[in-house]
Amino acid sequence: MGEFLRVFSDNRSIFVDGFLTTIQLFALAGVGCLVVGTLLGAMRVSPIPALRAFGAFYVNMIRNTPLTLVFAFLIFGTPKLNVNLSFFTFASIALLAYTSAFVCEVVRSGINTVPVGQGEAARALGMTFTQVLSLIVLPQAFRSITPPLISILNALLKNTTVAAGFAVGEAGAIQDILSELGEKRTPTLLWITICFLGLVLPLIVAQRALERRWGGNR
Amino acid sequence: MGGQPVTSVLYDMPGPRARRRNRAISVGASLLILALVAYVLWRFEATGQFEALRWKQLTLPAVQRELRDGLLATLKAGGLAAALALPFGVIAAAGRLSDHRLLRWPATAIVELFRAIPLLILIFFFYYVPLDYGTSIPTLWALVLGLTLYNGAVLAEIFRAGIVSVAKGQSEAAYALGMRKGQVTTLILLPQAVRAMLPTIVSQLVVLLKDTALGFIITYPELLYVGKQIGGRAVYGFPYIPTYLVVAAAYISMNTVLSLAANRLERRTRRSFKTTADVVPPPQTGDAVGGV
Numbered sequence: 280m281g282e283f284l285r286v287f288s289d290n291r292s293i294f295v296d297g298f299l300t301t302i303q304l305f306a307l308a309g310v311g312c313l314v315v316g317t318l319l320g321a322m323r324v325s326p327i328p329a330l331r332a333f334g335a336f337y338v339n340m341i342r343n344t345p346l347t348l349v350f351a352f353l354i355f356g357t358p359k360l361n362v363n364l365s366f367f368t369f370a371s372i373a374l375l376a377y378t379s380a381f382v383c384e385v386v387r388s389g390i391n392t393v394p395v396g397q398g399e400a401a402r403a404l405g406m407t408f409t410q411v412l413s414l415i416v417l418p419q420a421f422r423s424i425t426p427p428l429i430s431i432l433n434a435l436l437k438n439t440t441v442a443a444g445f446a447v448g449e450a451g452a453i454q455d456i457l458s459e460l461g462e463k464r465t466p467t468l469l470w471i472t473i474c475f476l477g478l479v480l481p482l483i484v485a486q487r488a489l490e491r492r493w494g495g496n497r
Numbered sequence: 055m056g057g058q059p060v061t062s063v064l065y066d067m068p069g070p071r072a073r074r075r076n077r078a079i080s081v082g083a084s085l086l087i088l089a090l091v092a093y094v095l096w097r098f099e100a101t102g103q104f105e106a107l108r109w110k111q112l113t114l115p116a117v118q119r120e121l122r123d124g125l126l127a128t129l130k131a132g133g134l135a136a137a138l139a140l141p142f143g144v145i146a147a148a149g150r151l152s153d154h155r156l157l158r159w160p161a162t163a164i165v166e167l168f169r170a171i172p173l174l175i176l177i178f179f180f181y182y183v184p185l186d187y188g189t190s191i192p193t194l195w196a197l198v199l200g201l202t203l204y205n206g207a208v209l210a211e212i213f214r215a216g217i218v219s220v221a222k223g224q225s226e227a228a229y230a231l232g233m234r235k236g237q238v239t240t241l242i243l244l245p246q247a248v249r250a251m252l253p254t255i256v257s258q259l260v261v262l263l264k265d266t267a268l269g270f271i272i273t274y275p276e277l278l279y280v281g282k283q284i285g286g287r288a289v290y291g292f293p294y295i296p297t298y299l300v301v302a303a304a305y306i307s308m309n310t311v312l313s314l315a316a317n318r319l320e321r322r323t324r325r326s327f328k329t330t331a332d333v334v335p336p337p338q339t340g341d342a343v344g345g346v
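Read top to bottom, the protein sequences are chains A and B. If you count the first sequence from 1, you need to add 279 to reach the numbering used here. If you count the second sequence from 1, you need to add 54 to reach the numbering used here.
Take the hints with a grain of salt, since some may be wrong.
[Claimed, not checked] The list that follows gives simulated cross-link-like pairs (lysine to any residue, SDA-like), each with its CA atoms no further than 25 Å apart: (1) B:K222 x A:R487; (2) A:K463 x B:L199; (3) B:K130 x A:M340; (4) A:K359 x B:A89.
Think of the hints as simulated: they come from the structure by calculation, not from any bench. Being a predicted model, the structure only gives us computed values, none of them experimental.
Hey, can you work out the whole structure from these sequences and the hints?
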């Protein structure tokens, strides 16, 4: 046990650095995928066939591609197109591009859960498109969107570990660094797990609470 | 779905003016998308991605064999993990639904824990912990065991949600006929739950198949790993882009076939519940969309 605690206290700065990188990746990709995913979702429910087709194509491609392949394509492939960015930037883009597809689907199905009559009634009252969207549809869609959205963000947080396989020094890479310093892998992995549970738990609790509050009445 | 939505919550049927405007936006958007595609193709062309040298490898029988072996390794890991995760999920779900705390609590803890830990870290545990104790297990099994625990835990939640969502009258009627709890679960609840949850189960299997690509990180020679080998050959001008395009096509077609199967199942399930009785709604737990 003493040995187990020592692994953490001796290498605290390495753990802190790793998890800070993880949180940076999570924050960047998280905000990005919410924006891009919502835009894609808007495309998929728009009356413009070309945009709908583009949204559907993107979502179907990305959802059926492993995240690891998206990473590999960006990190090994794109430099061959003379696009050179840091590994961290590529990792953020990979996570953003991948997660957006899932956000898009949640937004789309959230909008579809609002009964058609709601929009018709609002338009009958003479509301403009923006009013219908912001006053009637989105507030109702928000309820069915938020819990799955949190669960997507949760998955994103866990998926940041894939970046460790592509030379980004985030939490999943800590055990590699410490192993080079002569530490055993087992205690390090246990510590990584514990820290991750600390990050993931608030998200799970929030999601469950919202589901319980909003889940019953649909 | 598919085709023009007749009326949506957001729009009425477009009138003549809206139709004209939509057509104009449609043309603009199409041009924009075409421009994007053209730009990407131009980048490919400018950096010589279409040169024969970069594609030549893919025509060689030896390389094709490599790719085939990679594909088989992917399918092997996916198949083994699915074969182990499904029973694990059933057992864990049964534990979570048990009346005995001694079974329920550990099952709940296991399911919650394995869903919360990043899958890659689980795989690392199986891969690296034996090394600390002077042994090792094959990368295949590190991958398969990691996938089994994670997907088994997710499947357990799917099974449980399915069983819970079967109408209460079903089990009450079965108990009234004198069935024991085991009989009620296996004969009444499970068949209905599996039928309702089949699409969700299949999409989780798609997720599982995709996640076999994590084997790349622990150097299990699956499709993506093979792709890196082929793409990294300097003689052929580092053909990463052509190779990954082929690999992506393989993944996308495999998963699309599975997803189509899931959709078809869903439609069939919906059709066959002709009675007004509960078409078990796929429980909207966030985990059902999980598999991100």
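Hints versus structure:
1. B:K222 x A:R487: Within the cut-off at roughly 23 Å; holds.
2. A:K463 x B:L199: This hinted pair holds, its Cα atoms lying about 21 Å apart.
3. B:K130 x A:M340: holds, 23 Å
4. A:K359 x B:A89: It holds: about 21 Å lies between the C-alpha atoms, which stays within 25 Å.
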